[in-house]
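Number of protein chains: 2
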Amino acid sequence: MTDTEIANDAEIATDETATLIASNKVEGTAVYNDDGEKLGSIYNFMVDKVSGQAEYAVLQFGGIFGIGSDYYPLPWDMLTYDTERGGYVVDIDKETLEGAPRYAADAQPAYDEAYGERVYGYYGLNYN
Amino acid sequence: MTDTEIANDAEIATDETATLIASNKVEGTAVYNDDGEKLGSIYNFMVDKVSGQAEYAVLQFGGIFGIGSDYYPLPWDMLTYDTERGGYVVDIDKETLEGAPRYAADAQPAYDEAYGERVYGYYGLNYN
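In the order they appear, the protein sequences are chains A and B. According to the UniProt record's numbering, the first sequence is numbered sequentially starting from 1. According to the UniProt record's numbering, the second sequence is numbered sequentially starting from 1.
One chain only, chain A, in its complex shape (with noise of 0.2 Å):
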């Protein structure tokens, strides 16, 4: 192992853990598919206050500088963490990512059981 290497990996450990990631670590990141595509990137994601349970990343996608962004909410399990690439990988084409389920920066949905059942199901998945 270089120098370098070693330099990197102590910076890489002062804000991720072979299992934890720190919130604001994850904000930002890049979000790609499986063709290596990139699709946007994580503007934050939606824990539940008491259990701490994260349900959905919410990928930040259009617009210019944050200005007429769409977000999407994913179902969290969706993402896998590619360490080569230095972002997280889902399994979504754009095609699919164009008719998902979204909202524009002033009109956050209240994140309900009805609009939980809504995302998950849209890509195939059970909510709860």
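Among the clues, some could well be false.
Stated by the list, open to error - Partial list, computed: chain A residues near chain B (C-beta under 10 Å):
| no. | residue |
| --- | --- |
| 1 | 41 |
| 2 | 45 |
| 3 | 46 |
| 4 | 47 |
| 5 | 48 |
| 6 | 50 |
| 7 | 51 |
| 8 | 52 |
| 9 | 54 |
| 10 | 58 |
| 11 | 80 |
| 12 | 89 |
| 13 | 108 |
| 14 | 125 |
| 15 | 126 |
To be verified - Distance condition first, Cα-Cα at most 35 Å in a straight line; then the derived DSBU-like pairs of lysine-lysine:
| no. | chain 1 | residue 1 | chain 2 | residue 2 |
| --- | --- | --- | --- | --- |
| 16 | A | 38 | B | 49 |
| 17 | B | 94 | A | 49 |
| 18 | A | 38 | B | 38 |
Note that these hints are calculated values from the structure, not bench results. Note that CB positions come from ideal geometry on N, CA and C, so glycine has one too.
With chain A's structure known, arrange chain B on it following the hints.
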């Protein structure tokens, strides 16, 4: 309910629901103890990459404008959200916090099993 109260409710609904909260809303939220003393604010929280389970909320405390602050990992379950205060409440007195596991900004620990046992153990909780 007055118009102002309705407007405030609508505002809250944009990044918080009955059960879910946005990750970037957790960050920066004030933390109080049971006596109403402000202990600090949430810097970030540590989430299991695969399961999406939040394990720690990291309390930032001391220093000026973030310089010289210490970071105190708290077991996620210790936090309850107080809607009246608009912040989290934890049952920790200042003396307990002074002896608690902490780290400087440039010295984040590995957040491994041993660290989990140390932090959770300090607060009388079991890790895992």
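Do the hints match the structure? See the list:
1. A hinted interface residue such as residue 41 of chain A counts as satisfied when its beta carbon comes closer than 10 Å to some beta carbon of chain B; here the least separation is about 13 Å, so the hint is violated.
2. Because the beta carbon of residue 45 of chain A sits about 5 Å from the nearest beta carbon in chain B, less than 10 Å, this interface hint is met.
3. A distance limit of 10 Å between C-beta atoms decides the matter here; for residue 46 of chain A the minimum to chain B is near 4 Å, and the interface restraint holds.
4. For residue 47 of chain A, the interface hint holds, the least distance from its beta-carbon to any beta-carbon of chain B being 6 Å, beneath 10 Å.
5. Because the smallest distance between the Cβ of residue 48 of chain A and any Cβ of chain B comes to about 6 Å, under 10 Å, the interface hint for this residue holds.
6. With 10 Å as the threshold, the beta carbon of residue 50 of chain A comes within range of chain B, its nearest partner Cβ sitting at about 7 Å, so the hint holds.
7. For residue 51 of chain A, the interface hint holds, the least distance from its beta-carbon to any beta-carbon of chain B being 8 Å, beneath 10 Å.
8. For residue 52 of chain A, the shortest C-beta to C-beta distance to chain B is roughly 3 Å, which falls under 10 Å, so the interface hint holds.
9. Of the supplied interface hints, the one on residue 54 of chain A holds, with its beta-carbon coming within about 3 Å of a beta-carbon of chain B, less than 10 Å.
10. Checking residue 58 of chain A against chain B by beta carbon gives a least distance of about 8 Å; that is within 10 Å, so the hint holds.
11. For the restraint placing residue 80 of chain A at the interface with chain B, the shortest Cβ-Cβ distance is roughly 8 Å, inside the 10 Å limit, so the hint holds.
12. This hint is violated: residue 89 of chain A has a C-beta 13 Å from the nearest C-beta of chain B, more than the 10 Å allowed.
13. Contact between residue 108 of chain A and chain B, as hinted, is supported at the beta carbon level, the nearest pair being about 5 Å apart and thus within 10 Å.
14. At its closest, the beta carbon of residue 125 of chain A sits 13 Å from a beta carbon of chain B; the interface hint therefore is violated under the 10 Å criterion.
15. Taking 10 Å as the C-beta contact cut-off toward chain B, the hint placing residue 126 of chain A at the interface is violated, the least distance being around 16 Å.
16. At most 35 Å may separate the alpha-carbon atoms for a hinted pair to count; residue 38 of chain A and residue 49 of chain B meet this at roughly 20 Å.
17. For the given pair, residue 94 of chain B sits about 24 Å from residue 49 of chain A by alpha-carbon distance, which is consistent with the 35 Å threshold.
18. For the hint pairing residue 38 of chain A with residue 38 of chain B, the CA-to-CA distance comes to about 42 Å; that exceeds 35 Å, so the pair is violated.
Hint compliance for this structure: hints 1, 12, 14, 15 and 18 are broken, all remaining hints hold.
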